[in-house]
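Enquirer: Sequence:
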Amino acid sequence: MKNFQIIKALSAKTAVTNLSKETDAKFIAGGTNLVDLMKKNITAPDKLVDINGLDLKKIEFLKGKTVIGALAKNSDVASDKTIKENFPLLSLALSAGASQQIRNMATVGGNMLQRTRCSYFYNTDMPCNKRVPKSGCGAIGGSNRMSAIFGASESCIAVHPSDMCVALAALDAVVTVEGPKGSRKIDFKDFHRLPGNTPEKDTTLENKELITSVEIPENHFAKNSHYLKIRDRTSYAFALVSVAAALDLNGKNIKEVRLAMGGVAHKPWRLTEAEKFLKGKEVSETVFTQAADLAMKEAKGYGDNNFKLTLGKNAIVEALTIAASK
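The UniProt record's numbering puts the first residue of the sequence shown at 1, with every later residue one more than the last.
Don't take every hint at face value.
Claimed, not checked - Straight-line C-alpha distance at most 20 angstroms; calculated PhoX-like pairs for lysine-lysine: (1) 63 with 84; (2) 276 with 313; (3) 57 with 84; (4) 185 with 201.
Read the hints as simulated data drawn from the structure, not as lab findings.
Just need the whole structure built from these sequences, with the hints factored in.
Expert: Rendered as structure tokens:
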């Protein structure tokens, strides 16, 4: 790791200003991903702007929405009584991610910005377009068991690693950011990018922008929701496939539904066609299987990860079945 400077920001505005003055600087909060990347020389900023002192840790329950500060710890959000009552899907997803020690340090904003765990990205001796643009994608034609089955490109088949983000995508969250041009809001579905020919860009954040909060609109999914994470081992492993399922039921009739998948794309993958199909249908294994078939119709394997095509379908059916049975 090369030497770097660190300064503490006193407000979101000064944090953005400090970052804007530097050609190679990054924000740091919990550092659970950034420090690893610095140790491996995948990223090597000259300066870090410490934002831990900013007033962005609150969880506020307002009329029609809940606002979670970007510096709220993953563990605090997951264990918050009102979050568990109103948004159990988010609590379940957060609790499924990483270890308790990491959740105690990791922040909501940092979770959103974590980089892929693709082995080629972390191995600086191997080609990776996300790490070194135009160097190639080692996973295509290489070891790609963990790789994407949706939305990939010839430049990159890496997946986004977050569990929390899959739940936020399903819950129609909105991200608030502060930048040199002021504040703006980004629909969560538009926050992360597909790789295209610029896989080094993970999000639609503009230069020097800082995440300040995430808003979740009020909904009626609290009773019938489930987060299913399938992984190689129960503790501290990233998802092979995950599914966030949320249903608003009237008896057995599906009034509204939200579905998103993790471990399958460069971003949390929202299953909008399956949602449209399920709306108005009655709960049944047949209907859930039909929805899963529809959701997986565009999926494509790359060899080692072909098993995800079957696993993904089964996971969707299981997540919906568990959510509906609560």
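Enquirer: For a quick check of understanding: which of the numbered hints are violated here, in increasing order?
Expert: Hints that this structure does not satisfy do not exist here, as all of them hold.
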